[in-house]
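Engineer: Starting from the known structure of chain A, fit chain B onto it as the hints suggest.
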Amino acid sequence: MRALIIDDSRAMRRIIARILEQLGFETLEAENGRHALELLDDVVPELACVDWNMPVMNGLDFVYAVRAQVRLRPITLMMVTTESEHSQIVRALAAGAHEYLIKPFTAEAMREKLHLLGLLPEGVAL
Amino acid sequence: MNGLTVGVEQLDSITADIWATYVAAESVVMAFGAQDADPARTDISAQVDIHGEITGTVVVACDSGSAADLARRMFGLEPPEEPTMIEVADALGELANVVGGNVKALASHPGELTLPLVHAHERIVGWPRSRPSCGVEVVWDGGRATLFVWAGGDGAGGATSKGSL
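Heads up: the sequence lines are chains A and B, in that order. By the working numbering, the letter at position 76 of the first sequence is numbered 76, and the numbering carries on one by one without gaps. By the working numbering, the letter at position 74 of the second sequence is numbered 74, and the numbering carries on one by one without gaps.
Only chain A is shown next, with the shape it has when bound in the complex (with noise of 0.2 Å):
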């Protein structure tokens, strides 16, 4: 399974790889919105772990252009955030966000939320 994951931290995206790497996935990289939706054009993967507060385009706004899209809406989005206020985490889950995963997290906190999503590659435990 492949998996895409959109932070303008490098050093978040490394970290979130580590974790999906681990558990068997794939991982493409991209800074921002609009960088993710040009990696789109050649490979629609399984999963995208989105942060909200980026540059260029924030996840909230690539969400929406994802949903937007019939040929991206298999893809199952995280949002990846620190935003956590109550009326944020609803406007994400209503624009088409399935997940959402607040920072700091856990490598086994991530686990957890890909066993709901039913991601968790075949023979990887909970």
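These are computed hints drawn from the structure, not numbers from a lab. One should not assume that every hint holds.
To be verified - Only some residues are given here: those of chain A computed to face chain B with a beta carbon under 10 Å:
{"#": "1", "residue": "9"}
{"#": "2", "residue": "11"}
{"#": "3", "residue": "55"}
{"#": "4", "residue": "83"}
{"#": "5", "residue": "84"}
{"#": "6", "residue": "99"}
{"#": "7", "residue": "101"}
{"#": "8", "residue": "102"}
{"#": "9", "residue": "106"}
Backbone N, C-alpha and C fix where the C-beta goes; we use that ideal spot for every residue, glycine too.
Structural biologist: Leaving out everything else, chain B in the frame of chain A:
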């Protein structure tokens, strides 16, 4: 506009949580006197501003060796690989972002977080409001860092510099 109100115990708890998750399994966090907030005591800092109905500034500052250790750990670098200056700035900025987001979550009013800004301290003139509302110091086996929160104002409580990284 409301000034951000954060207690040192809350900053302590946020810092301990973030360091345990992203830096080191074991670290010690202790209160750091507001009167000691001086950019000259450290080499590099990252700040995020909170603006909107609540305002404030969060800064994470440390010496260059500690900053390099933070980057090494967050990027998962193994010796002899050393982080580049860009990677150091990125890692410190992301820590400020996560601290800032968790500090913002304590507010009773909504607000927005700016993107992190990283400063090398030889280029800093000074912090305009030199007395933060609270501060902590975190020590781990790779270094130490100080974290400060400034409350209120126009949100631009961070460094005045000749330039940033």
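Engineer: Could you run down the list of hints and mark each one as holding or not?
Structural biologist: Against the structure, the hints:
1. 9: With Cβ-Cβ at 4 Å, under 10 Å, it holds.
2. 11: Constraint on residue 11/A satisfied, holds at 4 Å.
3. 55: holds (6 Å)
4. 83: holds (7 Å)
5. 84: holds (4 Å)
6. 99: Constraint on residue 99/A not satisfied, violated at 18 Å.
7. 101: Violated, about 12 Å.
8. 102: holds (8 Å)
9. 106: Cβ of residue 106/A sits 6 Å from chain B, so the hint holds.
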